[in-house]
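Participant: This is what each chain is made of:
Protein chains: 2
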Amino acid sequence: MGKENLAQKRSGGGGLPTSTAAPAANGRNRGLGSLPRGRQIQKTFNNIKITILCGFVTILVLRGTIGVGNLGNSDADAVNQNIIEETNRILAEIRSDSDPNDPDELTETEVNPNITYTLGPKIANWDKERKAWLNSNPEFPNFVNGKARILLVTGSPPKPCDNPIGDHYLLKSIKNKIDYCRIHGIEIVYNLAHLDKELAGYWAKLPLIRRLMLSHPEVEWIWWMDSDALFTDMVFEIPLSKYKNYNLVVHGYPDLMFDQKSWIALNTGSFLFRNCQWSLDLLDAWAPMGPKGPIREEAGKVLTANLKGRPAFEADDQSALIYLLLSQKDQWMNKVFLENSYYLHGYWAGLVDRYEEMMEKYHPGLGDERWPFVTHFVGCKPCGSYGDYPVEKCLGSMERAFNFADNQVLKLYGFGHRGLLSPKIKRIRNETAAPLEVVDQFDIRRHPVHESSGSQS
Amino acid sequence: MGKENLAQKRSGGGGLPTSTAAPAANGRNRGLGSLPRGRQIQKTFNNIKITILCGFVTILVLRGTIGVGNLGNSDADAVNQNIIEETNRILAEIRSDSDPNDPDELTETEVNPNITYTLGPKIANWDKERKAWLNSNPEFPNFVNGKARILLVTGSPPKPCDNPIGDHYLLKSIKNKIDYCRIHGIEIVYNLAHLDKELAGYWAKLPLIRRLMLSHPEVEWIWWMDSDALFTDMVFEIPLSKYKNYNLVVHGYPDLMFDQKSWIALNTGSFLFRNCQWSLDLLDAWAPMGPKGPIREEAGKVLTANLKGRPAFEADDQSALIYLLLSQKDQWMNKVFLENSYYLHGYWAGLVDRYEEMMEKYHPGLGDERWPFVTHFVGCKPCGSYGDYPVEKCLGSMERAFNFADNQVLKLYGFGHRGLLSPKIKRIRNETAAPLEVVDQFDIRRHPVHESSGSQS
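So the protein sequences, as listed, match chains L and X. Be aware that the first sequence starts at 1, since it is given in full-length UniProt numbering, and climbs by one per residue. Be aware that the second sequence starts at 1, since it is given in full-length UniProt numbering, and climbs by one per residue.
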């Protein structure tokens with residue numbers, strides 16, 4: 001060890017030069033007393049300057065390590081930080097528990113464009129087979145209490161969100177769906193798995209829908225709903241009788257579709273597929289643009305070139321569906337209902353600031369711009385790192401939508417949120433010794449609304 | 001501004017002394033050429049020393065700010081970190097959106113011990129009123145397809161978990177419950193609200209159960225289940241016929257209860273209450289130890305003094321129930337079923353390491369130590385900061401339990417997890433062009449098991 005280091009060690013701790021007894025680098029000890037006074041003052045000033053500077057930098061180091069304002073609570077924070085770091089380490093281990101060389105390993109891999117991708121073996125007689133199965137299995141009817149059996153399908157990626165708050169909003173989102181579906185007798189499948197390594201991300205819904213159709217013949221309609229879409233009208237019911245001659249119901253606008261060929265002519269965040277051969281065929285026709293890799297990249301260019309307003313990126317399921325329905329219009333459109341008389345999908349930005357106005361002027365059951373059926377947080381991406389909108393706007397708006405809906409559920413129990421931004425609730429009705437009167441009056445299921453006109457039956 | 005600062009500014013940026021042209025503090029410019037050679041070398045060494053030192057400290061500052069090993073990805077991490085910090089700031093705003101002086105504000109407050117606490121107005125004739133209501137409302141029967149209507153109730157605190165991974169496991173836990181309940185025709189209420197400011201935490205289930213009984217007369221059984229309890233036997237069904245003369249079914253051991261008076265003689269993490277007057281009365285008798293503050297503290301001391309093995313802490317609902325059933329045994333026990341022939345609650349530590357052995361030797365539908373119905377992660381507390389067990393053990397075990405259960409659900413769809421620690425799935429069966437054969441063979445609902453003997457019907 002050189003004399004410089006020894007000198008630093010002798011000056012203590014971090015070896016920063018101090019204003020006292022700072023030996024020179026060559027080992028010769030120059031006491032301050034042996035210099036002219038001017039030089040002494042100069043040296044002193046220099047030393048003080050360096051001390052202040054490096055002390056300042058030391059404080060910055062400490063600040064960076066333990067955080068400002070935490071000096072009084074460093075123990076608890078240190079433990080908390082330890083727990084979070086340990087958790088992340090464990091998660092990383094869990095996430096890495098896989099063999100990248102395992103051919104069975106379902107990771108989203110690129111597809112050889114020379115091999116034609118299919119969703120599965122061709123099923124050609126599903127209507128007949130399904131009908132026969134239903135006849136043989138009367139204990140699994142496709143209509144219950146006069147209503148067609150609906151299966152609501154949603155999901156999210158298998159791993160924790162990049163942004164921790166994302167999992168909290170996924171939890172609130174599924175609670176919201178559980179409430180709606182309990183009230184309306186709808187079953188739920190929450191998917192946390194990638195069924196097809198070639199179709200992950202927004203394309204994952206295609207193999208999932210197909211799989212569920214074939215595994216649940218008792219289900220009449222499969223309703224896909226994004227995890228970032230919330231029910232905001234707890235009373236409104238989909239007017240299924242309107243769709244008896246249709247097999248796909250999706251929120252969209254004919255003029256945007258056929259006149260403008262816009263890439264947002266319809267929205268695949270919330271749509272219904274009838275469980276039938278036609279739907280299997282449409283899924284087969286829809287899937288080819290999806291496989292990850294050169295196919296999806298090239299398809300993306302085709303879509304951007306042909307659809308108005310579409311940015312340049314890989315093929316997404318929504319653009320691909322629009323393109324398919326435009327290019328094979330005669331084959332498919334007679335069974336596709338582009339619904340816009342209520343918000344099967346309601347783009348959040350125009351809705352979330354009006355909830356108080358809605359509560360003042362209108363009532364649940366309308367499902368449209370007066371009381372939106374579904375508020376869909378397109379572009380917010382709370383689970384990921386990069387949304388298209390400011391985080392504050394998104395989180396606050398999702399909180400408002402959740403509470404706006406939750407108020408409609410809590411009403412039966414006599415509670416409501418303090419405000420649309422508050423997770424806390426308050427009583428809106430005194431407790432009663434005659435609870436059944438309250439049930440008769442407030443249970444949504446006892447006042448079903450079947451038509452989008454909002455009339456109560 | 002003094003000359004020192006000017007000097008620092010002229011030397012650039014952070015004002016750290018450099019080896020070139022460092023003007024002296026008194027403004028006199030001493031070029032290096034005017035000093036003897038030895039002194040020049042000494043000064044140079046000093047300057048280099050200081051440069052290296054402060055450079056080193058600067059690096060420490062950067063490290064503390066952006067993290068080790070991130071120098072190659074500092075942009076993305078900086079953005080990520082910004083997002084997380086912004087999210088936390090927004091959350092803090094949302095959480096603070098409340099008026100502490102609002103009397104309607106439902107925060108857990110201490111109770112004046114001189115005022116007798118009650119869950120609500122006394123209901124005295126619930127059986128008769130409920131029966132009349134059921135008769136008048138045949139469209140809301142309490143038995144459906146021969147099965148008593150069950151409402152599964154669970155929940156978690158309204159705010160994001162202290163530990164971010166907690167929300168991810170709450171999400172997986174509710175997905176697990178959604179799967180079981182869909183297969184077995186059970187409705188779910190997921191509670192995210194505090195209905196009673198005096199009874200929060202583990203006591204929150206009491207006002208919630210009461211509220212749901214009174215609001216859902218069509219429900220025959222209310223099944224409370226903790227958020228840290230997972231279904232691990234997707235086939236097993238509760239043998240309700242066994243309990244036709246009982247009103248409370250809870251996992252427990254008579255000898256631990258009556259001989260040892262143990263504080264873990266039963267477990268309130270998973271239990272069923274019949275919707276009837278007796279249950280309302282029991283809830284009323286159970287609640288008095290719960291109110292936050294001196295009541296709960298003092299009650300805790302009574303419980304610790306009377307129950308074997310109980311540590312010293314405030315009264316919890318489980319200990320309070322044991323104490324109540326012991327001290328008023330004749331009043332209540334004839335309607336309480338202490339169930340231990342299957343794992344209505346299965347303590348996780350003895351179970352999670354045996355899942356592979358179970359898969360090898362046994363099959364779903366048994367519900368007991370061979371294939372546990374419920375695996376309950378008592379003490380893990382993934383949502384909080386301080387569990388009773390090492391984080392790694394808890395998280396890994398919860399992952400295993402989740403996947404062990406999920407395999408039973410995915411089987412119908414032809415998939416299974418790569419391993420019990422892996423979120424990724426693989427095919428366990430080739431796709432087929434005859435999907436209905438698979439349905440007949442693998443749909444759990446078509447092979448119900450009603451008795452804990454595990455026989456298939």
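Some hints could be false.
No farther apart than 30 Å at their CA atoms in a straight line, the calculated lysine-lysine pairs in the DSSO-like style are these [stated by the list, open to error]:
no., chain 1, residue 1, chain 2, residue 2
1, L, Lys-197, X, Lys-147
2, X, Lys-411, L, Lys-131
3, X, Lys-381, L, Lys-381
4, L, Lys-147, X, Lys-131
5, L, Lys-159, X, Lys-131
6, X, Lys-426, L, Lys-159
7, X, Lys-411, L, Lys-147
8, X, Lys-147, L, Lys-147
9, X, Lys-128, L, Lys-122
10, X, Lys-147, L, Lys-381
11, X, Lys-159, L, Lys-426
12, X, Lys-393, L, Lys-411
13, L, Lys-292, X, Lys-393
14, L, Lys-411, X, Lys-128
15, X, Lys-122, L, Lys-426
16, X, Lys-426, L, Lys-292
17, X, Lys-147, L, Lys-411
18, X, Lys-197, L, Lys-426
19, L, Lys-159, X, Lys-393
20, X, Lys-335, L, Lys-381
21, X, Lys-381, L, Lys-197
22, X, Lys-381, L, Lys-159
23, L, Lys-411, X, Lys-426
These aren't lab readings, by the way, just hints derived from the structure by calculation. Note that the structure is predicted; figures quoted are calculated from it, not measured.
Participant: For this structure, which hints from the list above don't hold up?
Facilitator: 1, 5, 9, 10, 12, 13, 20, 21 and 23
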